[in-house]
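Got chain L; can you put chain D on it based on the hints?
Chains as they are written, first to last, in this note's numbering: chain L, 1 to 110; chain D, 1 to 108.
Nothing false has been slipped in among the hints.
Listed below are the simulated DSBU-like cross-link pairs for lysine-lysine, each with C-alpha atoms no more than 35 Å apart in a straight line:
#1 D:K68 to D:K54
#2 L:K9 to D:K54
#3 D:K68 to D:K53
#4 D:K55 to L:K9
#5 D:K55 to D:K68
Just so you know, these hints were derived from the structure itself, not from any lab.
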Amino acid sequence: NAGVTQTPKFQVLKTGQSMTLQCAQDMNHEYMSWYRQDPGMGLRLIHYSVGAGITDQGEVPNGYNVSRSTTEDFPLRLLSAAPSQTSVYFCASRDGTHSYFGPGTRLTVT
Amino acid sequence: KNEVEQSPQNLTAQEGEFITINCSYSVGISALHWLQQHPGGGIVSLFMLSSGKKKHGRLIATINIQEKHSSLHITASHPRDSAVYICAVPNTGNQFYFGTGTSLTVIP
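For reference, chain L alone in the conformation it holds in the complex:
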């Protein structure tokens, strides 16, 4: 199993640009989520999904969209990047026992 994969690992955007962070898992987990991690603030939930076709907002959803057309994929879209979205983004999936995190995407918005 590849586990949870994320692309890209690094990205630099200009303010106003849009992009999609890709996330995929091959463990057939229903639950997937996106977090951002900022210094001194810990992980914060952006959006999550409990299965294909079902998504919901987390703690900090503004400026981000998600969709879940398949069990495997859960892309995160930045609609119009802002410097405040400079962060490290983690995708995760979960079974009944453990959470599995992707390697992270370091995003810088200038």
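Chain D only, in chain L's frame:
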């Protein structure tokens, strides 16, 4: 107010020392998770526990549901244990409350 509080924020230990990291939470939970984030950034789930104690190698996690407190212990610490350890508790929905982490450095 943070639903999850960890202490200490930073911890430096000599190799071989016994280490304890504490987590207190204010919400009712069904289980608590301990995560490890290595200097390279990757996050690994160490434990999920809902009662008592779990052990994996040199790592031991305990939880006291009544006192809303959990501890992560590392016996015979080693420099490769250097990482950020994060406590997380689920809320009644499908979300987690995360502690801000304890940064551990083990010196040879």
